[in-house]
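Protein chains: 6
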Amino acid sequence: MPTGLPKANSSVAPDDQGWLWTQIKAEARRDAELEPALASYLYSTILSHSSLVRSLSFHLGNKLCSSTLLSTLLYDLFLNAFSFDPSLCSAAVADLRAARERDPACVSYSHCLLNYKGFLACQAHRVAHLLWRQSRQPLALALHSRIADVFAVDIHPAARIGKGILFDHATGVVVGETAVIGNNVSILHHVTLGGTGKVGGDRHPKIGDGVLIGAGATILGNIKIGEGAKVGAGSVVLIDVPPQTTAVGNPARLVGGKEKPSKHEDVPGESMDHTSFISEWSDYII
Amino acid sequence: MPTGLPKANSSVAPDDQGWLWTQIKAEARRDAELEPALASYLYSTILSHSSLVRSLSFHLGNKLCSSTLLSTLLYDLFLNAFSFDPSLCSAAVADLRAARERDPACVSYSHCLLNYKGFLACQAHRVAHLLWRQSRQPLALALHSRIADVFAVDIHPAARIGKGILFDHATGVVVGETAVIGNNVSILHHVTLGGTGKVGGDRHPKIGDGVLIGAGATILGNIKIGEGAKVGAGSVVLIDVPPQTTAVGNPARLVGGKEKPSKHEDVPGESMDHTSFISEWSDYII
Amino acid sequence: MPTGLPKANSSVAPDDQGWLWTQIKAEARRDAELEPALASYLYSTILSHSSLVRSLSFHLGNKLCSSTLLSTLLYDLFLNAFSFDPSLCSAAVADLRAARERDPACVSYSHCLLNYKGFLACQAHRVAHLLWRQSRQPLALALHSRIADVFAVDIHPAARIGKGILFDHATGVVVGETAVIGNNVSILHHVTLGGTGKVGGDRHPKIGDGVLIGAGATILGNIKIGEGAKVGAGSVVLIDVPPQTTAVGNPARLVGGKEKPSKHEDVPGESMDHTSFISEWSDYII
Amino acid sequence: MPTGLPKANSSVAPDDQGWLWTQIKAEARRDAELEPALASYLYSTILSHSSLVRSLSFHLGNKLCSSTLLSTLLYDLFLNAFSFDPSLCSAAVADLRAARERDPACVSYSHCLLNYKGFLACQAHRVAHLLWRQSRQPLALALHSRIADVFAVDIHPAARIGKGILFDHATGVVVGETAVIGNNVSILHHVTLGGTGKVGGDRHPKIGDGVLIGAGATILGNIKIGEGAKVGAGSVVLIDVPPQTTAVGNPARLVGGKEKPSKHEDVPGESMDHTSFISEWSDYII
Amino acid sequence: MPTGLPKANSSVAPDDQGWLWTQIKAEARRDAELEPALASYLYSTILSHSSLVRSLSFHLGNKLCSSTLLSTLLYDLFLNAFSFDPSLCSAAVADLRAARERDPACVSYSHCLLNYKGFLACQAHRVAHLLWRQSRQPLALALHSRIADVFAVDIHPAARIGKGILFDHATGVVVGETAVIGNNVSILHHVTLGGTGKVGGDRHPKIGDGVLIGAGATILGNIKIGEGAKVGAGSVVLIDVPPQTTAVGNPARLVGGKEKPSKHEDVPGESMDHTSFISEWSDYII
Amino acid sequence: MPTGLPKANSSVAPDDQGWLWTQIKAEARRDAELEPALASYLYSTILSHSSLVRSLSFHLGNKLCSSTLLSTLLYDLFLNAFSFDPSLCSAAVADLRAARERDPACVSYSHCLLNYKGFLACQAHRVAHLLWRQSRQPLALALHSRIADVFAVDIHPAARIGKGILFDHATGVVVGETAVIGNNVSILHHVTLGGTGKVGGDRHPKIGDGVLIGAGATILGNIKIGEGAKVGAGSVVLIDVPPQTTAVGNPARLVGGKEKPSKHEDVPGESMDHTSFISEWSDYII
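Here the protein sequences come in this chain order: P, L, V, B, A and X.
Residue numbering for the first sequence is 1 to 286, as defined by the UniProt record's numbering.
Residue numbering for the second sequence is 1 to 286, as defined by the UniProt record's numbering.
Residue numbering for the third sequence is 1 to 286, as defined by the UniProt record's numbering.
Residue numbering for the fourth sequence is 1 to 286, as defined by the UniProt record's numbering.
Residue numbering for the fifth sequence is 1 to 286, as defined by the UniProt record's numbering.
Residue numbering for the sixth sequence is 1 to 286, as defined by the UniProt record's numbering.
Here chain P stands alone, though its shape is the one from the complex (with noise of 0.2 Å):
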């Protein structure tokens, strides 16, 4: 589980990023000219832009403003903070790299940089994340609340989040105080990782690396989900999951049974497989 500096898969080094640089704007390059209509969109985008950070500050920074909180000051702050701490960048790549890789739909990476809203969300979720480690929560929490409003993805500026990871869809997450998200984790839409009530303190989720969480499950509570672990479309869980195991249902059980799951060996948050536990899912019966 990862203490906030992730380990596994995530260093990203600078060449890497002058690459995935190089190619997004090969990609967009080759977009303006194929769609004049799109090309005003994609320079000042992305092909106006001298680096990958000062194109995702400039993006973040005109869809998150507002008539109160202008996009001059948030391009100033995103700046800043990719500035501040490099890993930023370094996330957002694998982040980038995730979604290239686990969604047949992402078609180029400067797709992903534009147009998915769980991407965006992750990215600004992780500059709030900064600025609430910095002590200024009144700022994390104005940006946490554009994020909310704008893509409806709900992540506390506290959540640690990794690196590798693919919020899929992404309406309706939600992602509370105290959880903890590991490496390389795929999440799709109107995934709750909750809490358990009135009092303060641990009371979130800790997602363990490499694990699923399909579509609209809702996870409650300072349980764990281990490595590798997948939980299915709908489930609410509250008990944690074993690591390599397979949760699913309303309330959520294992694939295999309580004392002998099935264990599978792949890695699921990257290789998104949904439904082949369909077969063993033994009253499943229509």
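To be clear, the hints were calculated from the coordinates, so they are not data collected in a lab.
Every residue gets a Cβ at the ideal spot worked out from N, C-alpha and C, and that includes glycine.
Mixed in with the good hints, there may be bad ones.
[Stated by the list, open to error] Partner residues are not named here, just some residues of chain P that face chain X (Cβ under 8 Å, in silico):
| hint | residue |
| --- | --- |
| 1 | 26 |
| 2 | 44 |
| 3 | 58 |
| 4 | 62 |
| 5 | 70 |
| 6 | 71 |
| 7 | 72 |
| 8 | 75 |
Go by the hints and put chains L, V, B, A and X onto chain P.
Below, chains L, V, B, A and X alone, put in the same frame as chain P:
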């Protein structure tokens, strides 16, 4: 199941469009007279326009624009699309009728035209789908992204959708790339027509004509929901559902049992009967 | 159950409003001093205003405006509504207290006032509801539409809602036309209080005082959730739930069994106890 | 010369305001019916408002706002000012009448209210002047700056201006800090009432009642332009001009000669006679 | 003098429009390649459009829009006008050529199209004039007001203007209701073609073909400035100026004297010779 | 005459910049405390920034942006320019001092920084000029166009301007491509430094150090206005003016006569003495 071209109930005669537009203008005029505070809004969105297509293009352009995708560009895009493919307008007319007939909270056609995010998201999707079929993917995806941000409705531009569709409330709806939705279907909010993992290809549900899908239902994989079937709220469906039957629960079961499921006679997508199956749901025991 | 006029716990003395507003300004002043980047925002939304009502009207007007519904128009509308019906302000005060007391992530009143989309959506709904009762349906529905777009919270303007309400996270909440929500209720995100089909009339749930409804719960039809009852996350409820009991699962069952359900003593809407029923949930078997 | 309180012709009875407002609404209603493309504009600026003061506050708030001075803030500011000092409204009424009576291109009161930058700048100036007198200089100067940017009319907030004023065309008008303008004055575009240098104190012109100042005239220093005098277009005036006389040229000379200048009978500020002096202009010899 | 329909030098063949548009796109493409920061702007204003008319309509719509007159409405208005009356486009082409040929600071056609407020104000005026002739006065006047606000160019919508016009710098230009401007005229900034007073009727100057009017000149009354005449900067003209002569000074005198004024051979509106008359200006004695 | 690098009085030590910025923040803080309605504006424009350069870049970016040239792009552009060429900032400091010292209506440095369109236009021009010198003409011209639209100040980006400049009121100022303005010059509104016709090359006035140019003066051609000279309001100057002399009238004459013009001792650009020459103006005979 539609092959992109709806059949039954979906041929809207031009006369019908004319009648509807006259009706919408009459509603708006009445509202403008009764409510001067709203008159400016009603004139700009409806009463100043010469046709439903222009009104809708204007409204969508202003709803979906951003600081980097200007309203004039989108307005143009919508006008051109509606002009290029008249079936887009007849589909909008069928959807307006569907909302008016099936949703008791829909007090007028103009109410739906102006305020229903499901209706607006669906019309914008149809334009994105046209762009997709014209191999203008980047523009289709940019439009898709705006729809997902503004309406929290995430329909992949490649998804094929019939006519006479009601997306009721609509927030949180997710429809994947290879999903197909027939005619006269009603889909509540938070419904997912999702895929099966990281492998591409045909991997999303096929929804037959006249189907009703309850709030929060999650339907995953390249499965068939048969004509006139009903999926209960909150259900998780991973296997085909036969025509005219009802699937409920997580995991979903057929009402009446797998072997001899109860068959209903009505078209649930039109009758909107959400709850009559309760008495038959044998283990529903509060 | 409220008949539109809340009773218990809801009379907020003017003195109390004054105290709260003083407190909010003190919080905002402190934050503005510590965080110059946010000071402009805090002055425009809070510190430049002479009352909570003006601050809230300004903030909602700027949040909910669009290119066709100007902020000045909405600001006027809110100011007039709060002036016409002082109970709107006392309800806002009770809601601010509810968030501060029940949500451990709510660090200050000003945080809730500025950033909680559930709080803001609820106050805007109350104004829409006032318009509805004044037979100004078109304006009420236009406001409703803006709330649904901006906050992804969809509360029909006819729905009656008590005081001391916490819509926590709030994204995806849907509340139907004839729903009634009592006082001191807490409702998590993705909760649906839905109808039963295409027939009009009284068709939505009635939620008693002090009820707690977990994330993603779907409650359908004109049924009663008794005072102090609890509905577990992800539950699908189609039948009445007795007072002080807990319904969980899909379909929902009463904890302790249908015949002799366990009764709790607390007011779950205030204690926010989401998960203590787990040990009693007999078939919860991970 | 006015001492801030105009005398003649300027007491506008409340009844008169009522009549004018009724007239303006009738004009706007007629235009909205004939021109649907403009109806939205007319409803938002005039027809949705309950009084001239609200309409004017709305219109000025939306014209003068910027990304850092929001329309809601300005709207509030204008409403409060008009409410605090009713003479602001009667001055606006007198100015509307002046434009309608003196400018043959002014086809209606609503045309002036909506479109005359001179009229709008003058009303906004009056509010800035009120703020100045209330020792709220920074706000007065910020408003002044917006007026100068938006209308290219630069009237120092300390300048005192009577009633029944017509700033015709208005672009480029500059009026200095200690200038005073009487009642029933007409001033064309590019007119400067300027100072004498870097020394403070009373250093700008005093314009008597009924004066007419032609386009591009430059009047500098603490000099008097007597009641009913006329200053020709393009004149440069640095010395007092006696009442009922005409000064023309650069440097300005009195028509008829310094010793026995021609005296006219009419009130040029009202008759708008720009050019009848030509025949008397002895050396005008094309 | 034009009767609304220009004759000489103004018939622009469609082929010529095509050539110019191709040229403008080539210029914009070159600039976009050299200056990525400007590429987004160039694509949105020029390169994404299929014709000069669409580009100009888009640009004017976005320049002239306000919070109460939306860009989409104006865009529509311009598109419709250009489509209804093709002479509007040929006039724009002639004006682009005029700027390119006469203004040494005009480095390209695209520079004029995008940046010359005089050019843009003139094209918008032509649309306002069309509306005026169609008896749509209120809309014409609203457009006029926006042009005067945004460009500080105030041309009454009834004024008739020929082709091949250069409004150089343009700030502060005022052209009255019954003014007529011929073909191939050049008018510098701060020029007034004004009226004579409060009486209606034909009361503004008539400017012949090929006239050049210097900066700050004020021309008042229903007088004729003959073909090929020249009016010096800062002149005040109240009497007819014969063809091919030069009027200078305040009040204006003819160069060479009233009786035998010097006649020049060139077309000053095209040669832009501002200052060659100096040596002849007898009393010019610095 | 400056060669782009000002000499006298224009070297601003970094310490001086620091002192001025401290002073501006103190002024803004005092104003924010006294005027809560303006505090948001003061924080966003001044108090949230760490330096004069950032404050100015923010303010200009928000003033000059449009729907097709975003504030974030302009903000970046200004920040980069100020960072690239520190003399831009020292020139801004000298201009702030000039306004404060010479204009009795300038009550504070922050007042000038925020509200003086002449000051803001001049700083933005300096950035456009830097771009011009860097051979980035299209961007320089686009910025020039925005300055001309927003401030009605039209300074060609190639024009060279010294330090310690006061453009007072500024509306309508036009400065041509090859014009040069020295240090410590004061220029009133409506002043033209214009060219001579359609031929390119060096064709605009050269203004010496310490010159004062009165309102509405028109100076045409490649002529010299000598150091410390004065040009009266409304003058039309087409021939060189010797140092320390005064030119007035249309056409301009030297005060004291062509042969032995009166020479003054002061630096009119600093003393701002507009009118003391009146008694000497022999034929000024009102």
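Okay, the hints, checked on the actual structure:
1. The interface hint given for residue 26 of chain P is violated, since its Cβ lies 22 Å from the closest Cβ of chain X, which is over the 8 Å cut-off.
2. Evaluation of the residue 44 of chain P hint against chain X yields a held restraint, the C-beta minimum of about 7 Å falling below 8 Å.
3. Against a cut-off of 8 Å between C-beta atoms, the interface hint on residue 58 of chain P holds, since the closest Cβ of chain X lies about 6 Å away.
4. The beta carbon of residue 62 of chain P comes within 6 Å of a beta carbon in chain X, closer than 8 Å, and the hint placing it at the interface holds.
5. A cut of 8 Å between beta carbons decides the hint on residue 70 of chain P: the least distance to chain X is about 7 Å, and the hint holds.
6. The interface hint given for residue 71 of chain P is met, as the beta carbon of that residue sits about 5 Å from the closest beta carbon of chain X, less than 8 Å.
7. At a threshold of 8 Å, the smallest CB-CB gap from residue 72 of chain P to chain X is about 5 Å, leaving the interface hint in force.
8. A hinted interface residue such as residue 75 of chain P counts as satisfied when its beta carbon comes closer than 8 Å to some beta carbon of chain X; here the least separation is about 5 Å, so the hint holds.
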